[in-house]
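As you go down the protein sequences, you meet chains A and B in turn.
The letter at position 225 of the first sequence is residue 225 when you use our numbering, and the numbering goes up by one with no holes.
The letter at position 303 of the second sequence is residue 303 when you use our numbering, and the numbering goes up by one with no holes.
Keep in mind the hints are simulated off the structure, nothing from the lab.
Just so you know, not all the hints are guaranteed correct.
[As the list claims (entries may be wrong)] Pairs of lysine to any residue residues, derived as SDA-like cross-links and limited to a Cα-Cα distance of at most 20 Å, are as follows:
{"id": "1", "chain 1": "A", "residue 1": "K106", "chain 2": "B", "residue 2": "L137"}
{"id": "2", "chain 1": "B", "residue 1": "K173", "chain 2": "A", "residue 2": "G111"}
{"id": "3", "chain 1": "B", "residue 1": "K157", "chain 2": "A", "residue 2": "Y68"}
{"id": "4", "chain 1": "B", "residue 1": "K29", "chain 2": "A", "residue 2": "S94"}
So the chains spell out like this:
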Amino acid sequence: MGLIDDVLKYKSVSVVGMAKNTGKTVTLNYILEQIIKHDKCVAVSSIGVDGESIDRVSATEKPEIVIYKGMFFTTSEKHYHARRLSAEIYNLTSYHTSLGRLVTAKALTAGKVLLSGPADTMHLQQLIAQNRHYGVDITLVDGALSRLSIASPVITDAMILATGAAISANIEQVVRSTKHIFNMIQLPQAAPELIMKLSPLSHGIWVVDQDNAVIKTDISSALFLGRGQNLELPAKAACIFVSGVITDNLLNYLRMQTYVDKVAVIARDFTKIFASADTYRAYIRKGGQIQVLYQSKLLAVTVNPVAPQGYSLNAKHLQQALQEAISIPVYNVKDM
Amino acid sequence: MQLKHVIQQESALQFMIGHTNVLSSIGRKTLYETPFSTDADYLEEEYDRMSRVMHSLQQGNANRETGEIKHALMCLQDIENTLYHLQQNNTLDDIELYEIKHFILISETIRQALAELQWVEVPCLEEALNILDPEHLRVDTFYVYDAYSDILAQLRKQAGTYQGEVPAGLIDKINDKEDEIRQSLSKKLVVYVSVMQQALRNIAYLDVLLAKVGLCMDMHLCRPAIVNTHTVYKALFNPQIKSVLNKQNVEYQPVDVQFGNYPTIITGINMGGKTLLLKTLALSQYLCQFGFYIPAGSAQIVPVQEVLTCIDDEQNPLKGLSSFAAEMKKINEILSAVEQKKHVLVLIDELARTTNPQEGRAIVSALADILNANKVPSFITTHYDHIDADCKRLRVKGLRKGVQWNGNNDIASAIDYALEEDTGDAVPHEALKIAEMLNVNKLLIDTAKQKMKV
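Kindly generate the complete structure, drawing on both the sequences and the hints.
Below, the structure is given as C-alpha cells:
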C-alpha cells in the first residue's frame, strides 16, 4: 500500500514509461483501483498521443484505462466517442489536438476509456488547474518519455517511473538504463533567480556569467557544436543554458574543453537530456555538471518483468537488482 | 466588399483592427465580414448603437453587466457547424448536445445582463435550455440524464450494483436507451435552430460592438456625420503614428482638411506629412464606411463606392515592372473607374516623380484636369511647381519661423504640419535645409548650394 500513500500526498502525479510495454498502464490501473478506497476526487489524463504513436494507426492497440464512478477524465473527442461508460461532460476545449478537441467528463458508471490529452506543457498545466476548479484532489497523468513529445511530465508534482524487460533481455542492462534515467531525474535544480531568467528562453544556447547576466551565443543548436561551430565563453562564464536537447555530441564537445569543470550545463528538465549513460559518465568524470530548471519528485519505480517479445526476466532478481541500485521503492507490476 | 478584403493592403487599418479587442472567435469572424457600406441610414444606425453603449459605459452604470458579458463572451464557442448538423435532422452526440447547452447558458447570461440595456436584442432560449436541463440545475455540464427515462435510470442503477466490470449485455441496453433519448432530444431541438442561430449572430455582433466602442474610448475617436456634399475633418490624426510619437514624448500635430468633388494638389517640404495625410484620409474613409468612429476632433464624411490609392510604399503586386510602369498601371486602373462614373476617392502620392520634371509636370496637370472634369474627390501630392490645372491647392506650412537648428532638436517639432491655401504656384525650396537637419554629408549639401546659385 506504500505506493498509494505516497501518491495521495500530491496534487498531480504522472506515470512515465521508459519504453512501450513497461507496464505503465498496469501501474495506472492499479493506482486507480486502489485510490477509490480513499475519499479523494481523482482525475486522469494523458500527454498527447506522441508517446505511443501506433495509436494513430489503430486506436485499439492502446491499452484502455478503467475509470470508476465519480472520477474525472480528459480525453480527445475521438476517444470520448469510443468510451464504454456513461459520463457527464464538464468542459470542451476551444483548441484542437490531432484527435480533436479535449473533453473533460465525470464518470457516472465504471468503465473503460482510451486516454489522450494535451500535446504541450502549457495546456497540461491549464488542465490540472481546471481540474482543481472542479474539486479534483489528484490529477494522474499517463506520461510519455519521448523525443516527440513537447509536453513534459515534469510539470506534475510527482512522478512514477515504469521500466522492465521491454528495455533489454539482460537484467544488468535494464538496471543500468533505469539507473541512468533515475540519475537524470535526480539532477540538481538551478538557482531560483536563474530559473526565472532562463525559463522564457525557447531557442538557442545561452551563457550565464558570474553576475547572473544572460548572454546569447550565436550557436543555434547543440547539433552544430564542434562541426564547424565553436562555443567561445567569456572569462566570467558560470554556466551554459541549453534551451533544446542535450545530446551526446554536446557533452562530448564540452568534455574536451578546458572549462569543462568550471562551467555547469543547465537543461530545461531531464526529458531534454538525450545523452547516453556512457557519455554522461565520461562528462561527469572530467568534472562536468548538469543542472535542470524544473524538477519533479520521483516516488517509485515499477517493473514489468515480461517483455512484448514473449520472454520473461526473473522478476525477483530484477526487482532486487533495481532496488540495490536505486534509493526509492521498486514495485513489480505483476504482484500489484 | 468586406473588411477582410481590404485589410491586407491597408497597414493603418490593420493597426486599428489589431487594437479592436473582440473576445470570441466567432466575434472575430463577424468583424472581418463587416461590409463596406455606402448606406447612410445603416451607418447612422450603427453609430447610434455605438453611442448608446459608449454612453452607458461612460456613465459607469453598466460595469457589472459589462463584466458579466465580457466573461461570457470569452467562454463563447462557435457552434455554427453543430447547429447546421442539427438543422439537417441529424442525431447529435453528447459532445454536440453539451456544446448547445453551453452556448444557451452563455446566451441566457448575456440576455439577462442586457435586460436593462438596449444594446442588442438576444432572443430567449429558455425553452431549448429546458430540453437539455431536465432537472433545472442550470449547470454547465451535460449527460443523458436519468430524468429523461425511468427505464434508463433503472438500468443504470442495475449497472451500479456490479463491483467489477458491468456485463456487456447491460451496457448495450443502456447505450441503446441513451441513443433513443439523444434522437428524441435532437428532434425537439430542431425547431429552435433558427432562433439559436439568431442568438449566435447577435452575440457575435455584440462582441464586435463592444470591441469597437473600446477602441473609440482608447484612441479618442469621434462619431462622424454622414453627409453628401463636403467631407470635413477637424484635428485629423493618424493613431499609429500618434502612438509612436507619444512613446517618444513628441506631440502629434493634428491637421484640418476638407474636400468636395474636385481634385486638390498638395505641395510642401519633404517630411511635411503629405504621404501620412493621404494614408490617414484613406484610413478614415474606410473606418467610416466599415462603421467605426474616426480619428479626428470632428468629422463629416461623404461615403464613396471605392477608395483608390497610389501610394508607393504599399506592397507592389506588379513586381518586375519599373516604378514608373507600376505607377502608370495603377493610374490607369483609377482612370478606368473614373470613366465608369464610379463615385470614388482618389489618393495619389507624388505622381510621376520618377520621370523628368517637364513630362512629370504635364502628367500631373493632365490628371488633375481629368479628375476635375469628372468631379472626382481626389488628392495629388507633388514637388513639381507650375502645375497648369484648375484645381484647389494646399501647402504644408513647413519649417516654423524662428526655430534655431542646433543639430540636436527634433525635426518633427521644427515643422508646422498645418495646411494652408496655396495661391502662388512656386513650390517651397527647403529640401537642402531638411537634408542639413538630417545631417546629410556636408560636401554634398555645400556643393548643391553652390549649384543652386548658378
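Tested hints:
no.	hint	result
1	A:K106 <-> B:L137	16 Å, holds
2	B:K173 <-> A:G111	15 Å, holds
3	B:K157 <-> A:Y68	15 Å, holds
4	B:K29 <-> A:S94	15 Å, holds
Violated hints are absent here; each numbered hint is respected by the structure.
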